[in-house]
Structure formats: C-alpha cells, structure tokens
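Peer 1: From first to last, the protein sequence lines stand for chains H and S.
Counted from 1, the first sequence has number 200 at position 134 by the numbering used here; the numbering is strictly sequential.
Counted from 1, the second sequence has number 220 at position 217 by the numbering used here; the numbering is strictly sequential.
Treat the hints with caution; some may be incorrect.
As the list claims (entries may be wrong) - Straight-line C-alpha distance at most 35 Å; calculated DSBU-like pairs for lysine-lysine:
#, chain 1, residue 1, chain 2, residue 2
1, S, Lys184, H, Lys225
2, H, Lys225, S, Lys52
3, H, Lys225, S, Lys261
What the hints assert, rightly or not - According to the in silico footprint, chain H covers these stretches of chain S (three or more CB under 8 Å from chain H):
#, region
4, 34 to 43
5, 102 to 108
6, 113 to 124
7, 141 to 149
8, 200 to 213
What the hints assert, rightly or not - Footprint (simulated), chain S over chain H, 3 or more residues, beta carbon under 8 Å:
#, region
9, 104 to 117
10, 138 to 147
11, 271 to 282
12, 288 to 296
The hints are simulated quantities; they were obtained by calculation from the structure and are not laboratory data.
Note that the Cβ used here is the ideal one computed from N, Cα and C, for glycine as well.
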Amino acid sequence: MSRTAGKRGRGMPPHAPSRTRTTVGCIVVALLYIWSSIGTETRPVSLFLGIPDMANLFARMWPPNIAYLRTMIGPLVETMQMAMLGTVVGAVLAIPVVLVAARNISRHSAVYHIVRGLLNLVRTLPDILLASVFAAAVGFGALPGVMALAVFSFGIIAKLTSETVESIDPGPMEALSASGSPRINVIYYGVVPQVLPQFVAYCLYVFEINVRAATVLGLVGAGGIGMWLQRDMNLMMYRNASAIILLIFAFVLAMDLISNYLRGRLV
Amino acid sequence: MSARPALLRTRVLRAALTIAVAGLVLGWAAQGVEFSLARLRAGVPQVFKIMGLMWPFSWSYLPEVMSRLVETFQIALLGTTIASLLAVPMGFLGARNLSRVRGQTYFTKFILDAVRTFPELLLGLVFIRGVGPGAFAGVLTLGVHSTGMLGKLYAEVVEGIDSAPVEALASTGATRAQVVKYSVLPQALPEFASQAIYRFEINMRAASILGLVGAGGIGTPLLFALYQHDWPRVGLILAAIIIVVALSDLVSSYLRSKLV
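The shape of chain H in the complex, shown without the other chains (with noise of 0.2 Å):
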C-alpha cells in the first residue's frame, strides 16, 4: 500500500504491484507458516483438537476450592511486599543515573552513551530470566525475586525519567545557573519539582508491572504465590490452583485500580 503512494508521490503513473512479485510473496509467507507450525509441532486441527483438553481441565479445576485460600494470605502478602520493595529499590536506584542519563544534565557526552547503553541492555533481559539467574545465585526465595524486580525496575525508571527530565523547560535551571547557584541547588530547585509528578507516576507505572511480574516469579524458585500455584498444578490439586488463580486476578486488578486512582490524583 504505501509502496504505490511512494511512487505516486514521486511522479510516477500508480500501477498494481506485478502479479509474480506478488505471488513470490504469498508463497514465502505460506512456506514460512507451513515450517513453523511443523516446527512447533501447530497444526490447524491440533488447535481444535486442544479444546477438548482444555475444557476438561477446567472441570477438574471447578469449583474452586475458596476454603484453601485462608492458607494463601500470607503469600499473597508476600507477593505485594516484594513488588513494593522492587519498585522502592529500583526507584531509589535509579535517582543518581537519571542525572547522569540526561542529556541536559549531564556533562560528559561518553558517560551519558554509556550509561543510556547499558540502561538498553538491563531493559532487553526479561524480568523472570533476571530472577532465575539471581535464584541460582543466592538460593531460592523471596531475596532474588526483589533484586530482580529492583533491577527490572531501575532500568524502566531510569530510562523514562531521563527522557522526561530532557524535556523540561531550561528557563529556571539558567536562571539558577545565572544567580550563581551551586549545582546541587540548580538541580534540587531547576529539575526535582519539573519531573517529580512524572517520576512518581512511573513508578506507579512500574509497580503495576512489578505485581503481575511477581505473581510469577515463584515459578523459578524466586518467592511469591507463583511457587504455590505450580505446587498445586504438580500435585494436580486443580481446584487449589483455580482458587489460587482466582485470588491472582482479584489481587492484580486492586492493584491496578488503586495504582490508577493514584496516578488519577497525581496529574
């Protein structure tokens, strides 16, 4: 489509794309699904075939059992407290690199490269891979699911509050600068009260992302009401684990709505 706008664009006659081209292409694309749905081992009736499977694991899993939930306060809890702890670490974490990750605040143009580097690189690691490696290293438990989530964290918040801070109106830092201020002032009364909102909104944002992450993270070992829901799952204690998937849903959209109203309030 923007193929034959480009041309139009540039003074040619509109034409069709040719029809072999457009054939090459279909085939390609066919080939391509045709490999990965053997290589995934997919096939079009497998999908339906699925169903079956499906419905009748979610009848072993009904009704859940509500009683067991008693039992899952205080893991629950214990997912809330680490998402907090994350989020509070990652954010804490991040203060001193977003002056560095600034363009308009920092003052050499290599450290900035490097660090804006080295912030792509934290971000590209899936939190859970984080977690997993961190879990090998310290031993399972809730410690390597923080130090995952805080380093997860640092580099969301770092990345979006240097861009935030880039955009602020320079006129009260030079004004600052002008009056012969000293640094720490310039930036404590030209940049903190410009990106505040913005931060703390972000790690609103973070923590939202931090719930869900932690919900999951006991799969690999690293704390959180996910160990006890895969628990359940090997022991195939189904109605456990829809009680438990249940309790995931109601606690992540409270989070959720409590971090919006929040945000809500803040802008």
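Given the coordinates of chain H, assemble chain S onto it according to the supplied hints.
Peer 2: What follows is chain S alone, placed relative to chain H:
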C-alpha cells in the same frame, strides 16, 4: 502574613507524615520477605561471581541454542498470527462507534481485560497441563494472551477512524458488511498490522521465557543449565536471548516505519 507560617507548618507536617508512613510500610515489607542490607551485601557479590563464571561461553552448545532460538521465533510468529486474527472480531465488537447492542462494548472489553490480567507464564502453566508440555502450549499461550492485548488496541483503532466515509456509505444504503469492508477496514488495516508487528516484538521476549514453565523455546535449556549450575551454558543462552530480542526490536521498528 500569618497564613504563610501555618501553610508551611502543614506542608512540613504532611511531608513528615508521608515519609513516616512510607518508612513503616517499607519496613513491614522488608521484614516480610526477610530482605536486609546484610543479605543483599552477601548476595550481590555472589551474583557478580557467577557472572564471571559465565565466561567463556560453552560454544560447543551453540547448535542446540540455535535450534531452540528458531523454535522461539516460530512460537512467537504463530502466537502473534493467531492473536492478530482473533483480535479483529474482538476489536470490532469492542469498538464504541460500531456497537449496536447495549452493553456489547462493555462485555467485550471486560473479557479482553480479564484475559490480559493473567501474566503469560500463568497461562502457560495452565496450557501445559491441558495440552502437554512443548511448543504448542507456548503458541496457545501467546495466542490467547495477545488476543487480549491486540483486541483492546484494535478496538481503539476502530474508535479512532474518520467517521465521514462510514456515514457516506451508510447514507447510500450500503449494507453493514459493505460499510465495514469499504470504509472501516481500509482505514484500520495498516494500524492493525503495525500493532501486530509490535506485538510480535513483545512476544519474542515472552517466547524466550515460556520454556521456564515447559512451554517450548529457549527457556527450557536455560532452566536445565541453571539447575545444573552450568554457568558457561547459561551465559551463552542469555547472550543469545539479548541478541535475538534486540534484533527483533530492530526489525519490528523498521517494518512499522515502512507501514505508517
């Protein structure tokens, strides 16, 4: 004049109160997960030590990694495709400007929200129990989860289209199917495609971790290597994931820039 010290005092009081509450909550959280600076001090060097042990990578393992990466790509491709097809009807049903039945929009959006609330790995855990471990469970997981995401985005795209062509066609007496085909789809399709490509990029990341619960892809050998404390192998797999994710980001943003 007298108002200013009072104002200052309330502001200081409020700040002190906020800090105290935040401190208490954090202390409670730290105590709950047995998080302490001492444990962190012991743990962080351990992590760095292990990172050191990862080099040199076990290159002899590269062929296996490559074939698992291919599988990861296939899972992401099929999962995204299934979702991008399923999301089209969901998007139309969820769009406010095309809705005809009362409550239809809310109902559709509620279902999409519910699907999206579950993290992919949780869905994966359920699907491997239903259809057995392997790449197929991964495809289903991504297909379902991404339908929740894409359905919502597609509905927003449909809500954002220019209403003039829709009204013009409707006023000529075109049927509803004709209206959709000739006025809505031409406007929405490039956006749909762009969102689907972006989703593919996210699904590459997701597919690389689905193996941690047994749903195929590069995550499975990573889990084994971690359990065996085979750090050179872990290092190779992590590096491979970083490279592949970065590559798919590049390709995806290139394709999207060509589309819009």
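Peer 1: Take the hints in turn and mark each one as holding or not.
Peer 2: Results of checking the hints against the structure:
| no. | hint | result |
| --- | --- | --- |
| 1 | S:Lys184 with H:Lys225 | violated (42 Å) |
| 2 | H:Lys225 with S:Lys52 | holds (27 Å) |
| 3 | H:Lys225 with S:Lys261 | holds (26 Å) |
| 4 | 34 to 43 | holds (count 6) |
| 5 | 102 to 108 | violated (count 0) |
| 6 | 113 to 124 | holds (count 5) |
| 7 | 141 to 149 | holds (count 3) |
| 8 | 200 to 213 | holds (count 4) |
| 9 | 104 to 117 | holds (count 7) |
| 10 | 138 to 147 | holds (count 4) |
| 11 | 271 to 282 | holds (count 4) |
| 12 | 288 to 296 | holds (count 4) |
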